[in-house]
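Use these hints to put chain B onto chain A, whose structure you have.
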Amino acid sequence: MENNNNMGELKAQNQNKKQVRLFYCMECEELAAKVAAQSQLITLQSINWRNFDDGFPNLFINNAHDIRGQHVAFLASFSSPSVIFEQLSVIYNLPRLFVASFTLVLPFFPTGSFERMEEEGDVATAFTMARILSNIPISRGGPTSLVIYDIHALQERFYFGDHVLPLFETGIPLLKQRLHQLPDAEKIVVAFPDDGAWKRFHKLLDHFPMVICTKVREGDKRIVRLKEGNPAGCHVVIVDDLVQSGGTLIECQKVLVAHGAAKVSAYVTHGVFPKRSWERFTPKNDEGSEKGFAFFWITDSCPHTVKAIGNRAPFEVLSLAGSIADALQI
Amino acid sequence: MAATSPPLPSSFQNRKKIFSNFTSSKPFSILSSDKKCSRFWCQIKSFENQPPNWSVEFLSGTEPIHLIQNSPSSSMSMAAASASDSAVKTVKKVCLFYCAETKALAERIAAESDAIEIRSINWRTFEDGFPNLFIPNAHGIRGQHVAFLASFSSPGVIFEQLSVIYALPKLFISSFTLVLPFFPTGTSERMEDEGDVATAFTLARILSNIPTSRGGPTSLVTFDIHALQERFYFGDNILPCFESGIPLLKNRLQQLPDSDNISIAFPDDGAWKRFHKQLQHFPTIVCNKVRIGDQRIVRIKEGEAAGRHVVIVDDLVQSGGTLIECQRVLAANGAAKISAYVTHGIFPNRSWQRFECDNGGHPENGLTYFWITDSCPQTVKAVMSKPPFEILSLAGSIAAALQI
Numbered sequence: 027m028e029n030n031n032n033m034g035e036l037k038a039q040n041q042n043k044k045q046v047r048l049f050y051c052m053e054c055e056e057l058a059a060k061v062a063a064q065s066q067l068i069t070l071q072s073i074n075w076r077n078f079d080d081g082f083p084n085l086f087i088n089n090a091h092d093i094r095g096q097h098v099a100f101l102a103s104f105s106s107p108s109v110i111f112e113q114l115s116v117i118y119n120l121p122r123l124f125v126a127s128f129t130l131v132l133p134f135f136p137t138g139s140f141e142r143m144e145e146e147g148d149v150a151t152a153f154t155m156a157r158i159l160s161n162i163p164i165s166r167g168g169p170t171s172l173v174i175y176d177i178h179a180l181q182e183r184f185y186f187g188d189h190v191l192p193l194f195e196t197g198i199p200l201l202k203q204r205l206h207q208l209p210d211a212e213k214i215v216v217a218f219p220d221d222g223a224w225k226r227f228h229k230l231l232d233h234f235p236m237v238i239c240t241k242v243r244e245g246d247k248r249i250v251r252l253k254e255g256n257p258a259g260c261h262v263v264i265v266d267d268l269v270q271s272g273g274t275l276i277e278c279q280k281v282l283v284a285h286g287a288a289k290v291s292a293y294v295t296h297g298v299f300p301k302r303s304w305e306r307f308t309p310k311n312d313e314g315s316e317k318g319f320a321f322f323w324i325t326d327s328c329p330h331t332v333k334a335i336g337n338r339a340p341f342e343v344l345s346l347a348g349s350i351a352d353a354l355q356i
Numbered sequence: 472m473a474a475t476s477p478p479l480p481s482s483f484q485n486r487k488k489i490f491s492n493f494t495s496s497k498p499f500s501i502l503s504s505d506k507k508c509s510r511f512w513c514q515i516k517s518f519e520n521q522p523p524n525w526s527v528e529f530l531s532g533t534e535p536i537h538l539i540q541n542s543p544s545s546s547m548s549m550a551a552a553s554a555s556d557s558a559v560k561t562v563k564k565v566c567l568f569y570c571a572e573t574k575a576l577a578e579r580i581a582a583e584s585d586a587i588e589i590r591s592i593n594w595r596t597f598e599d600g601f602p603n604l605f606i607p608n609a610h611g612i613r614g615q616h617v618a619f620l621a622s623f624s625s626p627g628v629i630f631e632q633l634s635v636i637y638a639l640p641k642l643f644i645s646s647f648t649l650v651l652p653f654f655p656t657g658t659s660e661r662m663e664d665e666g667d668v669a670t671a672f673t674l675a676r677i678l679s680n681i682p683t684s685r686g687g688p689t690s691l692v693t694f695d696i697h698a699l700q701e702r703f704y705f706g707d708n709i710l711p712c713f714e715s716g717i718p719l720l721k722n723r724l725q726q727l728p729d730s731d732n733i734s735i736a737f738p739d740d741g742a743w744k745r746f747h748k749q750l751q752h753f754p755t756i757v758c759n760k761v762r763i764g765d766q767r768i769v770r771i772k773e774g775e776a777a778g779r780h781v782v783i784v785d786d787l788v789q790s791g792g793t794l795i796e797c798q799r800v801l802a803a804n805g806a807a808k809i810s811a812y813v814t815h816g817i818f819p820n821r822s823w824q825r826f827e828c829d830n831g832g833h834p835e836n837g838l839t840y841f842w843i844t845d846s847c848p849q850t851v852k853a854v855m856s857k858p859p860f861e862i863l864s865l866a867g868s869i870a871a872a873l874q875i
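Protein sequence lines correspond, in order, to chains A and B.
Using this note's numbering, the first residue of the first sequence is number 27, and each one after it goes up by one.
Using this note's numbering, the first residue of the second sequence is number 472, and each one after it goes up by one.
A few of these clues could be false.
Distance ranges between label pairs, derived from CB positions [as the list claims (entries may be wrong)]:
no.	chain 1	residue 1	chain 2	residue 2	range
1	A	355	B	607	44 to 54 Å
2	B	607	A	222	24 to 34 Å
3	B	625	A	146	43 to 53 Å
What the hints contain is simulated information worked out from the structure, not anything from laboratory work.
All of these numbers come straight from a predicted model, not from anything done at the bench.
Just so it is clear, CB atoms sit at the ideal spot from N, CA and C, and this is done for glycine as well.
Bound conformation, chain A alone (with noise of 0.2 Å):
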């Protein structure tokens, strides 16, 4: 009886599952070979990326006659302008083909982190970009899905249009999951360096204790100072969506310490690094541990800090591709 009974969950189960042919563009290769390995449902398609002599992309899909009636995803990386066209043409074509549904995996949106409109004249790319993407061709299995890790700004949802679907994912439960892992998982208190990513990120992260720190305008300059809570003693984490020079973290790392944080680490969903700024936080020669951070965790989401990084403590790697597997099946 009871074997029936689980008989009928899983096939109840399995029959929610879709096998999904997932292409991937260049920068990627790593992330979507970890992607397959997740689910044999999942398996991997490749794509002829050359160019011709103008440096215009000529591209080819392979076997783009085995995609049809199937669903199909890509998995993008916008990490400079330059590689943007490339992968667009692939995103506009394939949903095309035929294919059952079309699901754009972009752990990382890009843009969105800079730039504030507060003139009129300021041309914000994050807007452009949206647009861009909410501009994908319609396939038969209707909108295209955009999964995306962390967005910048929470109001960039309402950039997008209504031909694509975003569905807006996080990094914070690999955060968790490697937090419980930690010999001093009693000790850990959460630390946000600014508001922005404490409206982000607070109700994920509630069940630990938490410290706000804020920048305050000095005469010229700008401070970061805490605002709330007490690190003293504690294994402190501090916790944003991406860091790009990394002086915001360097400050309040400072902050934390100076009032009493025992060990002070760091999480970012994006380690965007530009200009190898992950430099910054490597210990320097005869640096000990207590100067710098305990751990630094970012995600696979930007593929070249990824590769540029390598093994190098403080660092380490959080994968995405458990948490893009389980998004393909929505």
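The following block gives chain B in isolation, referenced to the frame of chain A:
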């Protein structure tokens, strides 16, 4: 007050003169029963009680032609004739933005007409490489006609220009025109297999999605688009305006001392299809590629080259291989001089270096002239003042197109 009368352009001296003296104090119409002649030359000698800004509209069927402010540099002027009513419109003032690559061309365009004003944009980059853009004096363009002169010379420069192109129409301007002299991507690809990715489709789609401004769909001005069917790639929210550089070539050919000895050669049937109608008053030569064993050889299909100054005409040049093969065949068939014209000098990897100058008598080794337009600014920089290259500027043609 009498308008100063510019000299009649020579091309019009043979045309029928409808009237030699005409004065009016208010908007006028001219009725004509001559249906064949669709262009009229009219000098307006005096225009009482009217401000000097005037333009006159000619309507024939559904084709409006606007007369730009009468200036010595304009080589063509047309008079108004209308069966119903004719409006006297002022010339459109246009705010012209541009990207870094197209600055020189933008300045030439603005020099063509008082109505066109150059505007600047702050093009900077964030540390992560993404653009940090600012349009100064954005309030100042409200209610104005706005244009952007773009150049997509490589995929890397598309995103920053696109951000400006998507932002400008939403600034309460009265109309938006995108001038993209060269539409890339359309050239090398063929959709032969399912799996071929047509990047021309991608680019057309991106441009078709430009936000609508108060003036309605964006106008897209482009010159000599490679595949004529590419016009159908564009959606309804954009109005493509397909212009050609051939009129510039015709003007230049008329200035040559041997202008009566010119024949036009087309390197293949595609070029013939694209251009023969615009060049039908020249004798033509058509080449094609014939397969002999494993090789493809250029042959002359029709026409006579012997003793002629042959001008090879095509829309663009990449490696130059096709042109060079044509040149050899024409020389072997007795051409006295050989020149070339392409609208778009793409010349990837400096392939323009293959073209030598023929100073007389050796058409198999070099060209007498190689005309290109300024649609590809990087090339213009490289070949300027290097014989046989001569640049024919699109500035006048673009300035006129901005008045549409």
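Q) Lying within 24 to 34 Å: is that true of the beta-carbon distance residue 607 (chain B) to residue 222 (chain A)? A) Since residue 607 (chain B) and residue 222 (chain A) have Cβ atoms about 28 Å apart, the given range 24 to 34 Å holds.
Q.
Within 43 to 53 Å: is that where the Cβ-Cβ distance between residue 625 (chain B) and residue 146 (chain A) falls?
A. 30 Å, violated
Q: Mind checking the hinted window 44 to 54 Å against the Cβ distance between residue 355 (chain A) and residue 607 (chain B)?
A: Because 49 Å falls inside the window, the suggested range holds.
The structure fails to meet hint 3 from the earlier list, while all remaining hints are met.
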